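K.L.:
Here is what each chain is made of, one letter per residue.
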Amino acid sequence: MSDQPIPNLSDSRLASNWAAATGSWLPAVILLLATIIVWEAVVRTFAISAFIIPAPSEIAQSLVAQWETLMQATLVTAGEILFGFLVSVVVGVAIALVIVRFDWLGRALYPLVVLFQNVPKVALAPIFILWFGYGLAPKIGLILVIAFFPVTLSMLAGMQSVDRSLLSLMNSVGASPTQILFRIRVPHSLPNLMAGTKIAATLSVIGAIVGEFAGASDGLGYVIQFASTQLDTALVFAALLLVSVLGIAFYYAAEILERIVVPWAPKFSQA
Amino acid sequence: MRVETIRAAGGRPAHIRHDDLISAKGVSVVMARQLVLQNIDLSVPKGSFVSLIGPSGCGKSTLLKVLAGLVNPTSGSVSIAGLSPVEAARKRMIGLVFQDANLLPWKNAVDNASMLLGIADKSLSRAELRARGQEMLELVGLGDSAHKRPNELSGGMRQRVAIARALALDPAVLLMDEPFGALDAITRDSMGQSLLEIWQRTGKTIVLVTHSIDEAIHLSRHVHVLGIKPGRITESLDIGLPYPRDLSVTEDPEFVRLVVQLRTMLRASHQPGGAS
Chain A
2 MSDQPIPNLS DSRLASNWAA ATGSWLPAVI LLLATIIVWE AVVRTFAISA FIIPAPSEIA
62 QSLVAQWETL MQATLVTAGE ILFGFLVSVV VGVAIALVIV RFDWLGRALY PLVVLFQNVP
122 KVALAPIFIL WFGYGLAPKI GLILVIAFFP VTLSMLAGMQ SVDRSLLSLM NSVGASPTQI
182 LFRIRVPHSL PNLMAGTKIA ATLSVIGAIV GEFAGASDGL GYVIQFASTQ LDTALVFAAL
242 LLVSVLGIAF YYAAEILERI VVPWAPKFSQ A
Chain B
54 MRVETIRAAG GRPAHIRHDD LISAKGVSVV MARQLVLQNI DLSVPKGSFV SLIGPSGCGK
114 STLLKVLAGL VNPTSGSVSI AGLSPVEAAR KRMIGLVFQD ANLLPWKNAV DNASMLLGIA
174 DKSLSRAELR ARGQEMLELV GLGDSAHKRP NELSGGMRQR VAIARALALD PAVLLMDEPF
234 GALDAITRDS MGQSLLEIWQ RTGKTIVLVT HSIDEAIHLS RHVHVLGIKP GRITESLDIG
294 LPYPRDLSVT EDPEFVRLVV QLRTMLRASH QPGGAS
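Those protein sequence lines, which keep their order, are chains A and B. Just so we're on the same page, the numbering used here is the position in the first sequence counted from 1, plus 1. Just so we're on the same page, the numbering used here is the position in the second sequence counted from 1, plus 53.
No wet-lab data here; the hints were simulated from the structure. Being a predicted model, the structure only gives us computed values, none of them experimental. Please note that the accuracy of each hint is not assured.
Claimed, not checked - Reference listing, derived: stretches of chain B covered by chain A, where coverage requires no fewer than 3 residues with Cβ under 8 Å from a Cβ of chain A:
| hint | region |
| --- | --- |
| 1 | 114–124 |
| 2 | 157–166 |
| 3 | 183–191 |
Said to hold, decoys possible - Cut-off 30 Å, straight-line C-alpha distance, at most; resulting in silico cross-link-like pairs (DSSO-like, lysine-lysine):
| hint | chain 1 | residue 1 | chain 2 | residue 2 |
| --- | --- | --- | --- | --- |
| 4 | A | Lys199 | B | Lys160 |
| 5 | B | Lys201 | A | Lys199 |
| 6 | B | Lys99 | B | Lys160 |
Glycine residues also receive a C-beta, built at the ideal position from the N, C-alpha and C atoms.
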């Protein structure tokens, strides 16, 4: 390197950008591929039974063979996640707004919300099945109780971190609490809210699967449970793969939403 | 036990004159059992440029907040053109500028400049607000940055938008709390000069809290020095340098003499004073 002429600045920057980009995901891809190859090799060499650990090739076969069933189940689960996620965001935002806007109600509500957060939500699944049956409703309810909290908490943090001298400015011209809420606090809280929304997206996937475990006749969670009773471990893994893909998709959808909603927010991911 | 303070410089007694826009009489503020301000008498003539200078903890920011109606004095009274500070603020007579510009990051410069006006006067249309914002940005020298967001503006430019936002209310008085405190020396000089030009163009009354001796003398007509423990006005100094002033005034022998005089006063103000 030392005996090379000084490179054009933009060229070197391009090169280092490319190196940074590939450098960031290339090791992960190599490790993943290596894991799959070793996994396949180990299963074949030691002739491990497919209902204990299926080889990646067997999982792929199962994925192809059961494609239509799996896609149908994915669609059902994705619908639950999306619906439950939206309900969680709406309810989470509403609770945060009420806590900030109505002081007395907020002081009553906030401790209860925190208290409720300490209830193991997964344990509520059988009760929800009892109350709402085997359809969509218990899944939405379960996603809601699992996912609304980060939405409420992050939005509260954002709304309460408005600079005091900005509030002084607003007060000096006689702004009403509602004006301060909607013109200052709510937009100020959007970067925090979006961070909370990303967590809620991830939790929604968990909520849907737990809901399906507890009682369902469709969806990926149901497929996983049904396949494991049949000792069809390859199908379990295939469904698990699709659940992961769903989770990643929802997370990135939330991240794209963040860039659209708060283009002015600092980008933490680049740090 | 209230003792009338007689201000040293000029021997001018603290009575209200007819051309005073702001007059504070016997203002004391107690916060968290601490006497923050003791028996402040302050009169600010209409159209004047007054600076408050003093060591940290002398309560100069608190005094400005009292004038703005953001802090209620424990005793004493403040009148702004015959109104209480809160009434005056509701009538858009007070423009506030703080050390942090506090712009809304999701709004561009012109919408930030008209933001407070829009809240103060709900009858204005969006177009009227924009026009007013644009007019104010031009006044502070940012006419061609109207569509930039705060994160695209430098610290000095953001502070110019904050000044435009205060001026958009068309206030009688501009209360500024160390508005250039976070800026580098060169930007600070040019911001001061711009403020001077805005003052002369608009005829606003300005009260500036600063900790810069040069800034106080360069800009103001009257400087009040505050002392600590408790916060009180220890000295007042009239700056006789003729307007319009520019930065070359800092080389004037009179400027240098005033700097020495003010520095001596400030040094004295660092000594805690007992209740007289």
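K.L.:
To test your reading of the hints: which numbers does this structure violate?
P.N.:
3, 6
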